[in-house]
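Whole structure, please, built from the sequences with the hints as guidance.
Protein chains in written order, with the working numbering: chain A, 77 to 385; chain B, 905 to 1240; chain C, 163 to 460.
Because the hints were derived from the structure by calculation, they are not lab data.
Hints are supplied without guarantee of correctness; some may be wrong.
As the list claims (entries may be wrong) - Short, incomplete list of chain B residues facing chain A, as computed with Cβ under 10 Å:
id, residue
1, Leu1015
2, Val1018
3, Gln1024
4, Ser1028
5, Val1097
These numbers were taken from a predicted model, which means no experiment stands behind them.
Note that beta-carbon positions come from the ideal geometry of N, C-alpha and C, so glycine has one too.
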Amino acid sequence: MHRYIIKRILMMIPVLLAVSFVVYFLMDLAPGDIISSMAPQDATEAEIEMMREELGLNGTLMERYFRYMKGLIKGDLGMSLSLKRPVAECFFQRFPATLKLAFASIIVTLLISIPLGIAAATHHRSVLDGVSMVTALLGVSMPAFWLGLLLILALSLKLKLFPSGGSGGIEYIILPALTLGAGNAGHMTRITRSSMLDVIRQDYLRTARAKGVSEKQVIRKHALKNALIPIINVFGTTFGNSLGGAVAIETVFAWPGVGRLTVSAINNRDMTLATGCIIMFTIFMNVTMLLVDIAYAYADPRIKAQYSN
Amino acid sequence: MSQTETTKDLVLDLENLNVRFETEDGICYAVNGLDMKIERGKAIGLVGETGAGKTTTALSLLRLVPDPPGVVECDKMVINGHDMLNISIKELEKIRGKDISMIFQDPMTALNPVFTVGDQIAESIMLHEGVSMADAQRKAIDMLELVGIPGERAGEYPHEFSGGMKQRVVIAIALACHPQLLIADEPTTALDVTIQAQVLDLMRNLRQQYQTSLIMITHDLGIVAEVCDDVAVMYGGNIVEEGTLEDVFNHTLHPYTEGLFNSLPNINDRKAKLTPIRGLMLDPMDMPPGCPFSPRCPYADEKCDEPQVKKYVSETHAIRCCAYERPGFHIDRKER
Amino acid sequence: MDNTNRISLDEYKKYKKRSLAADVWHNYKKSPSAMVGLVLIVIIIILAIAAQVIYNYEVDIVQQDLSQRFIAPNSEHIFGTDQYGRDVLTRVLYGAKYSLAVGIVSVAISCVIGATLGLIAGYYGSVTENIIMRFCDIFMGIPSVLLGIAIMSAFGQSLLVLMLAVGLVYMSAFARTARSAVLPVREQEYIEAAKVAGVSDLKIIFSHVLPNSLSPIIVQVTMGVANGILTASFLSFLGLGVPVPAPEWGAMLSSARQYIRDYSYLTNFPGLAIMITVLAFNLMGDGLRDALDPKLKQ
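So, in structure tokens, the structure goes:
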């Protein structure tokens, strides 16, 4: 078990290095040279070269990348051109908001999808099953940003229940969390249902019935515990998806998280800020996913048993 | 199985059981008018090839045939004094596991992977004996030891056991509340030959200990000879020949039973050719109106196209076949 | 065996196996929802092609007519007109080509690259597999929207880059699917037999491994089109996809957003168009999965 965890942590390091390199490389390709926009009109070649050196933008791609990563470890991601503040500071100021939104949305997702998926599976081919599957499919097919706009229109502009955007009290998080959570719930409901359908066919449920276990207990005790395994197994990924989704949906609700920061950085051609945000967010997402996986492996003897095999 | 049956102490009294599965592709007639009576303490072997309806018969006794697509119809089904046809779900749950229980064919899939084996045995005890969790756990450990598994392994999960050990656990679950009728559905098919013998021994001992009646479903005639008192041979969803071991093994009358015996390998003459039953297994979607075996039967004539009725040739020996009444008919049993 | 076991030619024809494609079609058409998906896709494709033929991009799609601004849906403008007085229905119909093109081309890119990588990884195993799958982990490790944003800002906004970006985002998913589809096939004896017979690896992969692991890849292709359309429209929504004034649905939603308070119909139609298209591909994917996997049928 410990060996497994250590192995996973060690295996993540090269992936994180590679991921950050890919992002750095891509953002380096982006048009728009900071120096030419910062330097005075009449600057000489030599002056520009000096500025480059000062900002750490000289040398080959690899040199710059390693310098960047060295800075990253020390917590220095450079200065944001548009906000005139260190990138790391901007990122950590915004990251909690994204994390909060991801958490809230995952609660919405689980509250909708698990009961719905189980009800659909246990009433296989009934009206209930049909309705929940159509709903889930619509959820999967609906662009989250459009759902967000519709919710703003209905719940905020028409019914005036919640603010349409921004941040503050709990009322501000409800719409974005509902949008993101409902969108992910479509997918999760389908997973839950098919996992439950799989379990319902298993011989061991027949064994339980043959013992005299009541139908309710067969479903709630014997089937559910098995059906949740694949869902728990992908919980880390689900959380990662919620984080990724949060980044995407923030723009719609003017939620002050990393996603909105990144998009506005790109619109302002502030590549230092955008690069820092994407790399840091990716690292945090991967680490969080790993931590969730490990935490579950510890908490759950069944998954623990899987790993020790 | 004779006229005096009403006075006997029957654990199972089953009359005219019909089971069909209504699927998209057509109706599959799995069991067709089967009767079966078992006296207390007796063991009957239910023999036949795959698809003969043995497991479906067993599942209908527990009322566990999946519905839909399964439809079960029956004139009479009394198990240990309970009329299984007019009974509430609640009462049914009390009977399952207590009066009748079943050992399933595949021990690999019959145990729930997320509960410890101890919990799975204890659950049955808790449900039927109204004892506390702790007492049920203690009894579960006793049951494990009874089937030859050290009690301290009660806290382990099924994946930590081998196939033979799992089958012992399944047996322990089935016997936990000392049922009056035990159905064993090919309990040894999934096991190694050496383990098979151990499991059969175990079942025989436990049965003697608790006076349990047994339906042993198998296609292995050797197991029947070893464990059972009576034999019922199934084909096409019905019993085609039944009687005591002596009746069926030594005074075989039905051509299908003959075919079963002749297709056994002969251990004394290894050069002897196997004689398979010719033709393919019956398609239960497309049942012939008469004897289901007639398309494959070497003795078949036009009389076989009419429905066959059960006829007693002795107190204990019954058969569904018209051929034996013909003059000069005799079964061709190879000598061994 | 004697004559009684012979079957007649008619019976043989009855039992003769249908070809795989015919078999899949036989199963597929049994599902009404799958047929709805297929019919929707055909309709959308026909409409997209018809819109290209009927409308002139310069005149009907982008030309502004400020006298006709914000006309609510009526009999002349069924979907109304936008903030520049352009007919929304015309733009939505014309815009179908962007979503279809991005969805289909990006899936082609991710499928060809991803599935090939996955096949190779699954077939050769060991070090090759490790290198390829770790490479794919890199792309899986970046949230898809952020990866899309990074690629779009690296290569600039255009339809072609958008296709490439979405294709790269989903490449790893194809590699994983293909690999796990190959793993069980790899162990089969006919692969062993082909190797012993001296068939080249390339030929084994394409004539034995690929056909037997095709089902999950086909399903992923349909689902991939659906996801691709969603991701592409989102990038356009953020202003990083197809540049304005092209009537891409995500971009239309984005520009309609600021008028949501007063002219909410502007957000409804592009959103509906995206949803119906994505839904159609999802329905088809579900239908194909059930048709290809007889185990899932009950």
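Hints, one by one, checked against the model:
Interface restraint check for Leu1015/B: the shortest CB-CB distance to chain A comes to about 6 Å, inside 10 Å, so the restraint holds. Interface restraint check for Val1018/B: the shortest CB-CB distance to chain A comes to about 5 Å, inside 10 Å, so the restraint holds. About 8 Å separates the beta-carbon of Gln1024/B from the nearest beta-carbon of chain A, less than 10 Å, and the hint is met. For Ser1028/B, the suggested interface contact is upheld, since its CB lies about 4 Å from the closest CB of chain A, less than 10 Å.
Using the Cβ-Cβ criterion of 10 Å, the hint placing Val1097/B at the interface with chain A is not satisfied: the shortest such distance is roughly 23 Å.
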